[in-house]
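Novice: Single-letter residue listing:
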Amino acid sequence: MNSQFKKGIIEMCVIAVVSNKDMYGFEVIDNLSKAIDVNENTVYPILRRLTDQGYFETYTEPTTFGAPRKYFRITPSGVKKMEEYRREWTTFLSGVYQILGGNQT
Amino acid sequence: MKQQYLENLRKILLGFEMNKNERIDILNDYASMYEDGLSQGLSDSEVIEKLGTPEKVAEALNEEYHRYHPSTKGNRLIAVMPFLAVISYFILGFYFDKWHPGWLVFLAIPMTAIIVEAFKKPFPHFLTALSPFIATVAYLGIGFGFKIWHPTWLIFLIIPIFGIINSFRAYDEIGEKKSVFEQLTGLSVFIAIIAYVLMGYYLNAWNPGWLVFLIIPILGILNEKVLWKKIGMELSFLIAIGVYLFVGYQFGNWWFGALGFLLPIGFGLLTQEVRVSMSHGDLMVKLTVLSAIAIYFITGILWNTWAFMWMIFLLIPMVAILKHGPKRHHIVAISPFIATIVFFSLGYFFGLWEISWMAFLFIPISAIMFKG
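Chains as they are written, first to last, in our numbering: chain A, 1 to 105; chain B, 1 to 372.
Hints in this document: simulated from the structure, not taken from any laboratory.
Hints are not guaranteed to be accurate.
[Claimed, not checked] 20 Å max Cα-Cα, derived EDC-like pairs, lysine to aspartate or glutamate: (1) A:70 to B:35; (2) A:7 to B:59; (3) B:50 to B:35; (4) A:34 to B:22; (5) B:50 to A:27; (6) A:7 to A:83; (7) B:56 to B:17; (8) A:6 to B:59; (9) B:2 to A:40; (10) A:70 to B:22; (11) B:56 to A:40; (12) B:2 to A:27.
Everything numeric in this text was worked out from a predicted model, so none of it was measured.
Taking the hints into account, I'd like the entire structure generated from these sequences.
Specialist: Written out as structure tokens, the structure reads:
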């Protein structure tokens, strides 16, 4: 799979998992790697960039075992971006299924 | 393992176009993610597999940040410097008959490269990188100008001093901030050498000048967290120093005076600050420490060898490196100590200060030849 294409999908997945629940970095990596074949080291840079772009905001929570944890929370513009991604992805997939002749659900 | 991971990542991030706060933020994030991994019961290697090796992380970050690219202007200056140096050398030689010390202009070649690098990006090791040249120029300048080779050579100690100061900055960035006393303890070794040699050379106070080395444990003890132990150890040292000086000067018997040091040793043993263990790995290093101390004092008191026998102490880090350091780095790691011994011996015993400094060239040469 084209790496740029894959990166786009991972970015969408990162926004999707954080939109469900506030998560800390390792949790995002863990969640994604359980569900899809992802190069884990690419996740943190994406998280960081999405935060810089204003799609996520961060806050820290103390932990019992070490330094405070940084949590990522989706922002209103992140929610908008997620909707945009979902729309584009659905349109794209329906096009692909049409070409392949399969059922689009 | 975690610290090594963060340190490697920090080194790679230094090559990226980002400010210090950003770098610290990324390092903190990775420190926190590493902790999260460990807290979930993963081993170090599993955590690293999950997060990616520092090299892989850097590869991924590279798409978000840019690595520094050499500026063409700076590169041109670096490229043209050897020609400028040769021209200057010939002008100084042919027109002013200053072949010597005119050859010093060749030092401008590596110095220019370091200075240009420093302007291209925030170069945290700038002073460390420049210090060998500053030291060499100052050493040769004062040596040739005023014939004061010894103890001007002490200026070479700015190289490890700057190195240590830089390493403290590195500890800060990976969240392992060292206290002021820890920093002073690290630097005290070199401060003590400088003070000891100056006192010995100018005041002929080799003994009891060596007491200045006690600044190392005295500062080290200030890091002790238990107050009564800290006060007890400091007091026992001060009393021992007092006894040594009193008995030495009053009765002319330094040997009896030295018995005073049984007090801090005894106190250390009682509070378990000093432990006697014979674990196989450290046995060689411990024997070297004991032998070095014994040889230093016995030869010093019997034959007045204080001025040069201090070199025996360089065996301690050398043996430690050979015993515990990675084998492929042995020669590179011990090269500064060998260089110092050759340099000082040639200068002190044969008066060859003018050429003995070249022994220090063994350090970069060994780094080029033997670094894996």
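Novice: Does each hint hold? Answer for all of them.
Specialist: The hints, checked one at a time:
{"no.": "1", "hint": "A:70 to B:35", "result": "holds (12 Å)"}
{"no.": "2", "hint": "A:7 to B:59", "result": "holds (14 Å)"}
{"no.": "3", "hint": "B:50 to B:35", "result": "holds (12 Å)"}
{"no.": "4", "hint": "A:34 to B:22", "result": "violated (29 Å)"}
{"no.": "5", "hint": "B:50 to A:27", "result": "holds (11 Å)"}
{"no.": "6", "hint": "A:7 to A:83", "result": "holds (18 Å)"}
{"no.": "7", "hint": "B:56 to B:17", "result": "holds (17 Å)"}
{"no.": "8", "hint": "A:6 to B:59", "result": "holds (16 Å)"}
{"no.": "9", "hint": "B:2 to A:40", "result": "holds (18 Å)"}
{"no.": "10", "hint": "A:70 to B:22", "result": "holds (15 Å)"}
{"no.": "11", "hint": "B:56 to A:40", "result": "holds (10 Å)"}
{"no.": "12", "hint": "B:2 to A:27", "result": "holds (19 Å)"}
The structure is inconsistent with hint 4 alone, although it conforms to all the rest.
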